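Could you build the full structure based on these sequences and the hints that come with them?
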Amino acid sequence: MRRVTAPPRANWRRDVEELGFTYHTIDGELYWDEAGWYEFSLSEIEEIEAATNTLHSLCLQAVQVILDENRLDEFRIPSAFHEWIQSSWDNEEPTVYGRFDLAWDGRSAPKLMEYNADTPTALFEAAVVQWQWLQSVHPGLDQFNSLHEQLIDAWRYLHQHGMTYVSFAATAGHEEDFGNITYLRDTAAQAGIVTEYLDVSALGFDSGCRSFVNVDGKPIDTVFKLYPWEWMLGEEFGLHLLNSKTRWLEPPWKMLLSNKALLVVLWELFPECEYLLPASWQPLWGDYVRKPILSREGSNIQVVRSGMVERETHGPYSEQPMIYQAYHPLMNSGGHHAVLGSWIVGDTACGLGIREDINPVTHDSSRFVPHLIRY
Amino acid sequence: MKKSTQVVLTLLVPAMAAYGCGNQTKTVQVPAITPMSQSQESMTIPVSCSCGHSFTTSGNMVGKIVQCPKCNQSLIVASGAQAATHNRSYRSYRSDSYYRRSTYFPWFGGGAGGYSSQTASTPPIASAPHATGTNHASSVSHVSSGGFGGTGAHFSGGS
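Protein chains in written order, with numbering that gives the first Met the number 0: chain A, 0 to 374; chain B, 0 to 158.
Honestly, I wouldn't trust all of these hints.
Claimed, not checked - Quick list of in silico lysine to any residue cross-link-like pairs, SDA-like style, CA-CA up to 20 Å:
#: 1; chain 1: A; residue 1: K110; chain 2: A; residue 2: P291
#: 2; chain 1: B; residue 1: K69; chain 2: B; residue 2: T56
#: 3; chain 1: A; residue 1: K244; chain 2: A; residue 2: W284
#: 4; chain 1: B; residue 1: K69; chain 2: B; residue 2: P45
#: 5; chain 1: A; residue 1: K110; chain 2: A; residue 2: W284
#: 6; chain 1: A; residue 1: K110; chain 2: A; residue 2: K244
#: 7; chain 1: A; residue 1: K244; chain 2: B; residue 2: V142
#: 8; chain 1: A; residue 1: K244; chain 2: B; residue 2: G145
#: 9; chain 1: A; residue 1: K244; chain 2: B; residue 2: S144
Everything labelled a hint here was simulated from the structure, so no lab data went into it. For clarity, every value in this text was computed on a predicted model and none was experimentally measured.
Put into structure tokens, the structure is as follows:
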């Protein structure tokens with residue numbers, strides 16, 4: 000694994016915009032950065048693939064344990080929703096995708112930093128934009144990337160089993176969210192599913208047919224949401240979830256995996272797993288990172304090394320319960336800190352997206368950098 | 000690792016192009032799930048509001064919102080056919096082995112089995128705000144609007 004630099008394509012903006020990737024620059028700063036890329040050997044990619052599949056397996060086992068041992072209070076999930084989440088799991092409600100964020104420099108084993116299991120983004124750029132970059136710049140080389148095909152296959156399967164109409168909902172006014180959810184809509188449509196887009200604020204609830212409804216008042220069979228479960232449960236409108244027949248993607252049980260309390264449970268259950276870092280509800284011996292259980296975009300992270308606070312980010316999650324995870328550095332190449340976003344669709348590890356920052360804590364504007372496999 | 004096909008995005012490209020023009024919502028209109036039959040259109044639908052007032056509306060109002068003339072509540076007019084559509088079972092969908100838990104995750108033992116009605120384990124909550132409509136076989140129901148978004152109005156929902 001190594002970082003390589005070269006001048007970007009002369010017309011890279013035009014090239015990516017033609018794909019529909021209009022948010023390559025955010026607040027005047029580059030988000031898509033092809034002036035550098037990461038090269039992997041096939042064996043390295045296979046290591047990432049194996050780690051991702053293993054972590055996915057461990058996560059599903061952890062959900063079973065969390066529910067069997069009635070530990071939802073640890074995840075700060077309101078008790079009114081416990082039985083509802085249990086039902087979601089017992090009914091094997093399907094999941095489409097997730098992204099494991101890994102720290103790795105090509106040596107030892109990849110380490111799980113967190114699992115974005117509910118509303119992962121940076122999907123479109125991982126599935127399509129970096130693939131187009133590879134075809135344009137390195138057409139003879141390969142990439143860990145069958146995301147597009149796996150997504151269509153997953154939707155096709157769901158379509159064949161009754162999921163014929165899906166409403167995609169996101170927060171209005173966020174171009175990146177809109178791009179990601181529209182890409183997912185596109186893959187669903189290619190699988191034969193009829194889709195619509197609506198803002199989450201436009202969702203209504205019809206108590207007579209016990210269904211969420213769209214802006215025209217039509218009952219919604221399935222909603223694919225890009226709006227976190229913890230926000231939905233915390234809002235007054237969320238109580239309708241308990242009395243609704245509408246199905247959700249990602250399903251309710253995925254909220255256990257998008258919660259960083261999962262890291263504590265995983266370490267408790269699988270301390271021998273080489274892909275996991277020690278995690279606890281109490282500060283650890285040695286260097287550690289303190290994380291709120293439901294934080295986003297690198298907010299309210301504290302890095303403690305040699306007993307001193309080395310770095311701290313601010314944000315809106317300071318009142319949340321905190322977990323403590325053993326410190327493990329990201330790959331640092333010339334001051335570029337990289338986190339590997341390893342994608343899983345259904346049960347299959349099938350793609351990689353790399354975010355990079357001069358700051359060791361990845362945040363919302365960290366740059367997306369493409370990768371390739373050199374055999 | 001190679002993709003076997005070229006990526007074709009027929010929906011995303013025009014949607015993103017339109018995004019900057021303020022058209023980010025409802026960019027693609029889709030057909031209704033259940034087309035209304037001729038016989039439904041010619042029907043007269045009885046409507047009973049939770050305020051106690053009863054009135055009728057025409058069959059072509061099925062699926063649309065009407066206001067109770069007495070208390071002005073917004074109501075969705077539903078037909079028996081629509082109710083049947085949304086009560087269908089998803090048994091076959093859930094019982095399939097898409098997630099291959101029987102082989103990949105042996106603790107599932109080849110499937111959970113014992114599927115019951117999909118709604119059997121979703122308890123109604125009496126205290127739910129706005130959930131004031133009738134849950135029995137009524138032709139009318141109450142619509143709560145406003146949706147989600149209170150938490151994330153200023154944040155991205157992605158991670």
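Restraint status (C-alpha distance of K244 (chain A) to S144 (chain B) at most 20 Å):
holds, 17 Å
Hinted pair K244 (chain A) and G145 (chain B), Cα distance within 20 Å
Holds, at about 19 Å.
Does the alpha-carbon distance linking K69 (chain B) and T56 (chain B) stay inside the 20 Å limit?
Roughly 14 Å between the alpha carbons, so the hint for K69 (chain B) and T56 (chain B) holds.
Does V142 (chain B) lie within 20 Å of K244 (chain A) when you go C-alpha to C-alpha?
Given that 20 Å is the threshold and the Cα spacing comes to 15 Å, the pair holds.
Can the restraint linking K244 (chain A) and W284 (chain A) be considered satisfied, given a maximum Cα separation of 20 Å?
violated, 47 Å
Straight-line Cα separation of K110 (chain A) and K244 (chain A) no greater than 20 Å?
violated, 38 Å
For the pair supplied as a hint, K69 (chain B) and P45 (chain B), confirm whether the alpha-carbon distance does not exceed 20 Å.
holds, 15 Å
Measure nothing beyond the straight line between the CA atoms of K110 (chain A) and W284 (chain A); if it is 20 Å or shorter, mark the hint as holding.
With a Cα-Cα distance of about 18 Å, the restraint between K110 (chain A) and W284 (chain A) holds, given a limit of 20 Å.
Straight-line Cα separation of K110 (chain A) and P291 (chain A) no greater than 20 Å?
Distance of about 19 Å is within 20 Å: holds.
Comparing the model with each earlier hint shows violations of hints 3, 6; every other hint is respected.
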